[in-house]
Amino acid sequence: MIARVLYVDDEPDIREIAVLSLQLDPDLEAKSCSSGVEALKVAQEWLPDIILLDVMMPHMDGPTTLARLREIAVTRAIPVVFVTARAQASESKGFLGLGAQGVIPKPFNPMVLAGEVRKFLA
Amino acid sequence: MKTRRVRGLSRREKRAWGALLVVSAIGSAAVVWLVSHQLSQSQELARAVASSHQVRLELRSLLSLHQDLEIGQRGFLLTGEPAFLAPYTDARRELEHAFGRLDQTVAPEKMAKLATISRDKLAFSDQTLTLAKAGQREAASSLVANGRGRRLMDDFRTTIATIERSENTLLEERSEAAAAAFSFTRLVVLTVSLVMAALLILAIGVTARAASARAQATARYRKLSARQEAIFRNAHDGMITVNKSGTIEGLNPAIERMTGYTEVELARRDVGLILEVAPDQGRRETFLRRLAQQSQEKIGKAQELQARRKDGSFFPCEVTVSHVSFGETERREAVRGEPSTSETYLAVVRDITDREEVDRMKSEFVSTVSHELRTPLTSIAGSLGLLAGGATGQLSEQAQRLVQIARTNCERLVRLINDILDMEKLEAGSMAMNIRPVELGPFLEEAIRQNHPYAQTLSVDLHLEPFVHPASVYADYDRLMQVMTNLLSNAAKFSPAGQTVEVAVTALDRRWRVGVRDRGAGISEDFQNRVFGKFAQADSADTRLKGGTGLGLSIVREIVTRLGGAVSFESPPDGGTIFYVDIPAAEDGVCHLPNIGRPRVLHVEDDPDVIAIVRAAAKTSFAMSAAHSLHEARAALKHASYDVVILDCGLPDGSGAELIPELRRSNIGIIVFTAQDAQPELENMVEAVLIKSRASLEALVSEVRELLEAQNCKGRGDAP
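Each protein sequence line maps, in turn, to chains A and B. Just so you know, we're using our numbering here: the first sequence kicks off at 1 and counts up by one. Just so you know, we're using our numbering here: the second sequence kicks off at 123 and counts up by one.
Everything labelled a hint here was simulated from the structure, so no lab data went into it. Just so you know, even glycine gets a beta-carbon here, dropped at the ideal spot from N, CA and C. Possibly wrong hints are sitting among the right ones.
[To be verified] Example chain B residues on the side facing chain A (calculated, C-beta under 10 angstroms, incomplete):
| no. | residue |
| --- | --- |
| 1 | Ala245 |
| 2 | Ser492 |
| 3 | Ala528 |
| 4 | Cys532 |
Let the hints inform the model, and build the full structure from the sequences given.
Written as structure tokens, this is what we have:
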């Protein structure tokens with residue numbers, strides 16, 4: 001079964017690379033958007049199986065976006081994984097307290113990104 | 123500050139005045155003796171002179187009596203008139219008395235001769251008078267005419283003259299002796315007076331010089347004192363002098379500026395009024411009492427504390443305490459065995475509000491910069507990763523090589539950013555440590571497993587020497603893994619291909635030592651003291667050749683130090699270098715914690731993620747420790763003291779509620795934080811019960827804070 005992955009990041013280059021990386025796995029369908037506001041809209045319409053969320057974004061940052069997703073009935077249960085350049089892997093545990101399923105530190109390895117996402121889906 | 127007055131005489135003055143005193147005493151005694159001697163001599167001389175005069179008068183009188191005898195005798199012989207015999211009779215009666223007086227003063231031999239002549243004369247006169255009275259006047263006249271009477275009278279005169287001359291000679295001798303003695307006395311008195319005058323002048327001179335020197339010294343002291351006073355008063359940093367019990371003895375205007383208190387308001391008050399010395403102990407202990415308990419180890423070291431203004435607000439400050447020695451006074455007290463009354467400490471207080479703000483901004487800056495660097499790196503590394511991975515089709519061999527170079531350097535850049543961030547966090551003290559017992563056997567096997575692929579790329583093998591299990595240390599697993607990764611990757615990098623990096627564990631006193639031995643060229647002597655420095659590499663070319671950041675060992679040292687351990691290295695004679703990491707051993711799974719000054723909170727919870735998020739929520743407010751089971755919690759409570767325990771009920775080896783009675787006995791605050799619905803009776807046994815699915819982390823942290831504040835208030839209330 002093909003899983004839908006929504007990648008949210010304000011950096012277009014990273015969005016492009018992330019989508020390319022995710023599409024290396026034929027069982028993943030990837031879509032990206034550039035802000036938290038857009039993510040809320042796309043998530044409600046497209047209903048992804050997992051959302052990869054950048055932490056530092058203008059206007060609405062990752063944690064706020066996550067909190068808003070949790071408030072919306074159709075998106076409440078969608079697992080969210082933070083992708084952040086803000087913290088290293090060993091210090092990322094604090095983000096788990098916010099309700100995220102996991103943290104992928106930037107820069108990520110594009111050749112194994114899809115595999116990491118699969119682990120969260122499993 | 124008061125000027126020290128110079129009191130008492132100088133040693134030189136004391137010597138001069140002492141000599142003057144001694145010479146004066148001796149001189150005065152000599153003068154008194156001489157004068158009294160002279161007086162007695164003068165009196166003796168006066169008596170002798172008077173005696174001589176008396177002798178001469180008596181001799182004249184004696185001569186006169188004999189002349190009266192002669193006149194009476196001759197008158198009667200010539201006239202036959204009895205009236206002429208009156209002088210004769212009177213003189214004869216007086217003679218005996220006259221001789222009696224002279225016998226006492228004139229030498230007996232001289233008087234004997236005179237008496238003999240006098241007796242002969244009297245006998246002759248009596249003989250002539252007897253003849254005349256018998257009518258034989260002619261016989262008497264012829265007897266007189268034979269000249270015997272005249273000769274006797276001449277002899278008498280001559281003898282008297284001789285005695286008079288002898289008396290005169292004696293008188294002269296005595297006068298001369300008296301004059302000589304007087305001259306000597308005068309000389310001695312003059313000499314003594316001169317010596318005393320000279321000494322007096324000398325003493326006055328020395329005193330005057332000393333007084334002048336003293337005046338100059340006093341002027342210098344005053345100048346120095348004024349200068350020190352000016353430095354003290356104008357110093358930008360606050361300065362407080364306190365005695366051993368923490369009472370403020372003095373302060374400078376900077377303290378008044380910082381705190382809003384006046385000097386009068388702070389004088390003789392406890393230093394705890396303005397320095398929040400031990401907030402975690404409810405301010406029951408003063409700063410210096412705590413210092414004493416800590417074996418003076420804080421003396422001379424800057425400590426960051428909170429200072430309190432008069433309006434109750436706080437500001438961060440750095441306080442350096444130094445012991446002020448008053449030298450001679452304390453030494454004298456020590457010699458006399460008296461307790462030192464002058465023990466004073468100087469606390470230099472620096473307002474570091476700006477510095478903290480700068481630190482915060484720096485931290486923010488480093489964090490932002492690292493984010494801003496990582497963002498483009500993500501694109502670069504991602505693109506290169508996709509290219510190298512063949513996502514866009516097969517690359518030519520040359521293109522693959524170039525993409526590989528770009529990727530390697532990209533990874534190096536990422537490592538550098540990560541190391542800089544780690545270093546910044548370690549130095550700022552904001553790196554969270556999840557301290558718990560770590561079993562070295564499985565831990566080191568995992569470290570070798572993780573670093574093996576990297577070592578293989580350098581054709582270096584990693585080998586763990588067998589050691590006796592169990593060997594448990596007290597550490598943050600992830601941070602200790604970071605330490606091992608740095609040491610193992612370093613060792614692999616600096617070992618020639620085909621060699622083996624050896625990891626060995628040995629036991630030390632209350633510590634376990636992990637040694638990582640490489641087979642490299644060793645560390646040159648001139649680099650040895652910089653090994654753990656930042657951006658330290660023996661050869662700057664190493665950075666490029668070995669791909670390191672130069673921060674690895676510096677981070678190792680910082681992490682190990684924060685874990686209460688130590689790092690060191692040695693270069694064995696048979697080559698290579700061994701880096702040692704000594705970590706406190708965990709006895710019964712737990713070891714003693716260093717005193718860190720913050721409230722201690724023990725989180726008893728089996729889920730590492732929950733521990734991590736609670737720790738993240740608590741930030742640096744408390745010193746968080748974790749126990750993952752009842753067994754670990756009991757061991758932790760046995761070896762360290764805690765202010766609050768956060769308790770999960772569902773633990774692998776039983777319910778956390780089992781711990782409540784023993785926690786109650788130790789007066790430790792208890793907050794139950796559990797996923798299960800707590801039994802209703804629990805609520806009466808603990809301070810708070812929070813259910814994970816309903817309570818926020820903020821609520822949990824807030825409960826802990828309130829509990830600590832309540833404990834502090836109770837502590838203050840109980841304090842004497």
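Can you name, in rising order, the numbers of the hints this structure does not satisfy? As far as the earlier hints go, 1 and 3 are violated by this structure, in ascending order.
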